[in-house]
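Build the full structure now, drawing on both the sequences and the hints.
4 protein chains.
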Amino acid sequence: MGGTGYTGVELMRLLVRHPGVQLSVITSRSEAGKPVAELFPNLRGSVDLDFSQPDVDVYRDCDLVFFATPNTTAMSQAEALLGEGIRVIDLAADFRLRDIPTWEQWYGATHACPALVEDAVYGLPELNRDAIRQARLVANPGCYPTAVILALLPLLSRQLIEPASIVADCKSGTSGAGRKAAVGTAFCEVTESVKAYAVDGHRHLPEIREVLRGVDPAADLVFTPHLMPMVRGIHATVYADARDDGAGVQAAFEDYYRDEPFVDVMPPGSHPETRSVRGANTCRVAVHYLPAAGKYVVLSVEDNLVKGAAGQAVQNMNLMFGLDETLGLEAPGMMP
Amino acid sequence: MGGTGYTGVELMRLLVRHPGVQLSVITSRSEAGKPVAELFPNLRGSVDLDFSQPDVDVYRDCDLVFFATPNTTAMSQAEALLGEGIRVIDLAADFRLRDIPTWEQWYGATHACPALVEDAVYGLPELNRDAIRQARLVANPGCYPTAVILALLPLLSRQLIEPASIVADCKSGTSGAGRKAAVGTAFCEVTESVKAYAVDGHRHLPEIREVLRGVDPAADLVFTPHLMPMVRGIHATVYADARDDGAGVQAAFEDYYRDEPFVDVMPPGSHPETRSVRGANTCRVAVHYLPAAGKYVVLSVEDNLVKGAAGQAVQNMNLMFGLDETLGLEAPGMMP
Amino acid sequence: MGGTGYTGVELMRLLVRHPGVQLSVITSRSEAGKPVAELFPNLRGSVDLDFSQPDVDVYRDCDLVFFATPNTTAMSQAEALLGEGIRVIDLAADFRLRDIPTWEQWYGATHACPALVEDAVYGLPELNRDAIRQARLVANPGCYPTAVILALLPLLSRQLIEPASIVADCKSGTSGAGRKAAVGTAFCEVTESVKAYAVDGHRHLPEIREVLRGVDPAADLVFTPHLMPMVRGIHATVYADARDDGAGVQAAFEDYYRDEPFVDVMPPGSHPETRSVRGANTCRVAVHYLPAAGKYVVLSVEDNLVKGAAGQAVQNMNLMFGLDETLGLEAPGMMP
Amino acid sequence: MGGTGYTGVELMRLLVRHPGVQLSVITSRSEAGKPVAELFPNLRGSVDLDFSQPDVDVYRDCDLVFFATPNTTAMSQAEALLGEGIRVIDLAADFRLRDIPTWEQWYGATHACPALVEDAVYGLPELNRDAIRQARLVANPGCYPTAVILALLPLLSRQLIEPASIVADCKSGTSGAGRKAAVGTAFCEVTESVKAYAVDGHRHLPEIREVLRGVDPAADLVFTPHLMPMVRGIHATVYADARDDGAGVQAAFEDYYRDEPFVDVMPPGSHPETRSVRGANTCRVAVHYLPAAGKYVVLSVEDNLVKGAAGQAVQNMNLMFGLDETLGLEAPGMMP
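Chains as they are written, first to last, in our numbering: chain A, 52 to 387; chain B, 52 to 387; chain C, 52 to 387; chain D, 52 to 387.
Treat the hints with care, as some may be off.
You can't tell identical chains apart in this list, so a pair holds if it fits in one copy or across any two.
Derived DMTMM-like pairs: lysine to aspartate or glutamate, alpha-carbon spacing no greater than 25 Å straight-line [as the list claims (entries may be wrong)]:
hint: 1; residue 1: K231; residue 2: D170
hint: 2; residue 1: K85; residue 2: D267
hint: 3; residue 1: K85; residue 2: E305
hint: 4; residue 1: K346; residue 2: E213
hint: 5; residue 1: K85; residue 2: E376
hint: 6; residue 1: K85; residue 2: D375
Because the hints were derived from the structure by calculation, they are not lab data.
In structure tokens:
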């Protein structure tokens with residue numbers, strides 16, 4: 052549902068090659084009737100569907116509906132779908148926060164179905180794999196939260212840092228702003244420039260905070276997003292005060308993520324590049340200990356449209372339907 | 052053989068997901084002993100090999116060797132490999148020209164094994180599919196020639212144009228210049244700028260000319276390459292004087308390429324974008340007729356590293372080994 | 052008038068440092084009341100004006116009004132200004148074509164003051180310097196026409212080419228599309244891609260044709276614009292059939308442009324880069340003769356916002372007001 | 052001295068328009084004898100000099116020599132020049148650190164003239180204006196240090212922050228890496244990607260630390276540089292623990308920089324963009340107070356080649372020679 056944005060087209064790119072999926076309906080209010088491949092010519096020959104009107108009827112035979120819609124769309128339609136026995140993955144933010152007042156404050160709307168929020172599972176497999184397997188409704192994490200949380204899980208869960216000392220300085224490609232007509236994301240406004248935005252508060256801050264507090268109730272952070280002159284990729288540079296001398300941190304990361312198919316712990320001293328994960332569902336992390344400052348610096352990179360959105364949604368789908376978790380997600384990054 | 056360039060890493064990206072291939076040896080004189088994934092971190096988790104020294108011995112158990120080496124390497128080693136019963140695809144230029152004096156003039160070297168040149172098949176499946184199936188040695192076409200020739204085959208073969216009136220104005224991404232330490236291809240020299248180069252003569256000119264003359268002995272062209280501030284993609288804009296009134300040209304293109312899995316004829320009036328084929332083995336073409344000028348303009352786009360190099364090599368491999376021609380090449384382009 | 056586009060901000064950048072100019076009014080309907088430097092922070096400290104409503108009254112004390120507005124604005128207001136003794140330079144297209152029916156066909160509107168069209172001088176100093184000095188109303192040339200016409204003037208005027216054999220393959224930075232909210236010019240749509248557009252007809256075609264026919268009535272051309280993943284710069288690659296053997300062409304160019312302050316003829320064999328003129332009012336040209344094809348290829352680069360728009364407007368202003376033609380335009384290009 | 056790098060060409064771009072300067076000698080060992088404008092075609096028509104061999108003799112009639120050379124060149128030649136009464140500005144790092152052992156540790160060399168280090172003035176006019184006026188030898192600051200120190204001076208000097216709590220997360224354009232043949236700065240390696248580098252220690256860390264400790268001896272910081280896919284610009288995002296409630300911080304910045312021609316304090320809530328200072332000698336800063344975290348975040352942008360290198364050198368020259376400090380530096384940034 053909602054196939055005209057960057058998350059939508061990326062989801063289609065992944066699903067058309069997925070051996071366990073049949074793509075049966077793509078909806079769009081604004082483009083209904085138009086061939087999908089006319090809007091996204093990369094899909095010519097791969098997707099033969101037209102955009103449909105988003106009526107519940109068109110989903111009747113589906114096992115799963117992905118919402119790649121703007122915020123506040125999924126919350127008004129999820130209930131009806133679930134009632135039909137259709138499972139739901141929302142790639143927007145409607146079900147990401149358990150705390151309804153916080154959600155309503157940051158998203159500037161009244162939540163349309165708070166009852167479902169408790170049901171929803173936050174779809175970060177590295178944290179909630181078992182719950183996702185059982186879920187009817189998955190809240191796919193935000194792009195920044197995925198990169199930041201994966202950078203912090205080993206440190207926080209093993210109490211290697213002061214939990215309230217976190218600074219997450221994040222750099223995102225412009226596709227994170229979505230596919231839309233806006234001066235601010237025009238080529239001539241974005242290229243050859245860098246800027247911070249929303250320094251005084253970004254919607255992903257409460258999301259990260261809530262998830263981290265599930266690991267350590269004392270966790271808190273400063274979060275600063277920056278817009279980069281590139282399409283894909285998030286680079287999170289995460290600082291925290293160390294409680295120890297850094298001696299065991301590399302092993303802690305390697306242990307924590309040993310069995311994770313999509314988190315790659317780099318060797319000591321590494322500086323991962325966002326391009327190394329372009330198009331891939333991998334999050335690469337490298338941890339540095341700075342002895343003079345007594346701080347950890349974790350570098351975490353992902354493709355915001357894949358592990359930060361569509362790829363993670365497919366990973367969640369695989370888990371929900373008992374498929375191999377990596378199915379359809381095995382392709383390495385494209386470099387250069 | 053020769054896995055440290057952009058053609059090499061792209062070939063590995065495609066081969067690691069190919070169900071009929073086992074990647075057994077990657078060679079590099081300069082990087083021998085180093086893990087491949089250290090040089091190309093996108094392959095971490097996909098390629099566990101180290102670079103080897105390029106000795107014939109290391110290939111003994113291979114069915115096929117790809118040369119992704121500089122020009123003049125393959126011609127000195129192909130004979131030994133073929134003698135061992137190992138088939139060869141050369142992604143460089145050593146076997147592309149049948150006319151040895153022309154080759155020697157443009158490549159500034161004496162050809163090391165002219166005898167093999169006659170044996171070699173020019174690996175453009177749309178032109179030479181049957182010969183490729185039988186070939187022991189395939190000369191994989193150049194990136195520009197692939198885009199230009201595919202733009203012209205329907206026009207030339209159906210005699211719709213004056214064969215000596217062709218102008219091919221071509222725009223290429225910087226990956227076409229290879230992975231190397233050079234001021235001229237540095238980020239700060241290439242980005243935010245466009246320039247022509249080799250206007251007075253480029254090595255791909257004799258290659259295109261020889262292939263076109265196989266279709267119409269009177270064919271000739273002007274060829275002007277330009278360097279673009281992007282990584283991947285070639286856009287060929289090809290002009291020629293029409294012999295007719297343009298009425299049947301769309302049908303001519305559609306007929307000509309009806310059964311081709313990797314040439315996509317766009318609807319009338321289209322303007323294909325290079326990004327629509329990023330990472331894909333597709334060449335998209337659109338033909339325009341300009342009545343006032345009596346000219347055809349064909350727009351032809353490809354990913355120079357895929358249909359213009361590594362992808363076409365895999366397509367050739369599939370044909371040589373009796374595999375489905377599209378195996379391992381089904382992924383749509385990545386957009387955005 | 053109309054200071055919110057890229058042409059407007061570039062004009063301000065040049066005018067604030069121009070020793071003979073006092074910038075007194077900047078208008079914008081949509082931004083009236085807002086400080087100019089809020090929209091364009093590069094001008095903080097240089098421009099202290101707010102945007103005004105575009106009433107004739109606000110211009111009363113001006114000697115000159117620049118129209119950096121969309122097409123069809125200047126034609127409805129120029130008469131009133133001229134009536135007040137205020138001279139006018141229109142950076143849009145309202146007065147570029149002498150042939151009214153052609154204008155009306157390509158711009159899809161009825162011309163509001165055809166009487167003024169005869170009065171207007173086409174503001175290409177290299178062609179019309181004396182007329183510009185006397186002009187009350189100057190039609191500033193289009194960006195593509197400037198690059199293409201300057202590439203051709205020596206060849207056409209000295210009858211070195213077949214006048215109807217011209218092909219102009221042009222590559223433009225995205226700023227040529229203007230500052231606007233549109234999906235098609237979004238960063239993620241433009242970067243890392245190249246495409247042709249308007250192959251079947253672009254408004255600059257009749258403009259170039261009319262000007263060239265003023266030099267040689269038999270002149271005609273094919274014109275193909277392409278969108279480049281860069282902000283500034285036009286690269287015109289212009290092909291034409293030679294009538295001679297190329298022996299005197301370098302001297303012809305050097306002679307023709309010997310006294311021109313803003314046309315730089317490069318040495319034989321050169322390939323000018325668009326970045327070499329970034330921010331400068333220079334057009335660099337290089338002419339190549341291809342003996343096998345009997346064709347000339349002229350490479351012509353300019354900054355579309357400077358020599359292709361705002362800089363040329365300042366050059367015209369200098370001429371109209373008896374100032375040194377290069378005043379305020381002496382800065383070299385910015386590289387890298 | 053040393054005119055073949057990006058700092059050198061930028062210095063020439065500024066000096067050719069400077070009314071108080073005559074550019075008399077440009078040296079380069081590798082390019083001696085070649086016209087400067089052949090290497091840098093943007094300077095065609097502006098610089099008519101050839102590169103000279105860097106002998107002391109060629110400088111005899113100069114009042115000032117700029118070293119735009121690699122580190123360790125200036126320290127071996129400055130003494131001879133000063134002995135001739137020629138003043139020196141070193142744009143490299145030889146005289147930036149007063150502490151010789153620290154310099155030797157970070158630059159891996161024995162300092163060739165420690166005696167001169169005491170004489171040298173650190174050329175940050177906002178800190179050392181009076182000393183610069185009297186200086187014979189100026190150590191022009193590093194690009195990162197300029198952006199970081201200007202972000203911190205008001206906070207540190209007014210004791211608004213915990214001095215050892217600073218984190219400076221910095222993003223730099225690729226021109227900071229210099230003009231050189233290297234795979235790591237090739238277009239295809241840098242574009243569409245972001246990475247941190249030298250997380251465990253960068254040469255600008257001791258430089259920043261030494262300068263900050265001149266303001267507050269307890270100052271210390273973590274400094275993390277990142278490479279951005281753009282040519283020009285540094286964005287420093289600087290975090291520090293607040294000692295107060297943020298109420299007076301905007302006024303503190305505005306007071307501190309009230310008379311500074313090249314530091315622009317943005318209004319509260321601003322997010323400066325690096326492109327707003329492209330080509331300009333301005334550093335734009337914006338300060339944010341985060342009440343929940345009790346931290347300040349300062350956003351500081353500059354053009355690394357101008358305020359971070361060549362422009363600041365010209366500013367220093369103006370001070371040293373009693374010229375108006377802004378002479379030759381008045382041009383606003385180029386946007387877009």
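- Can you name, in rising order, the numbers of the hints this structure does not satisfy? 1, 2, 5 and 6
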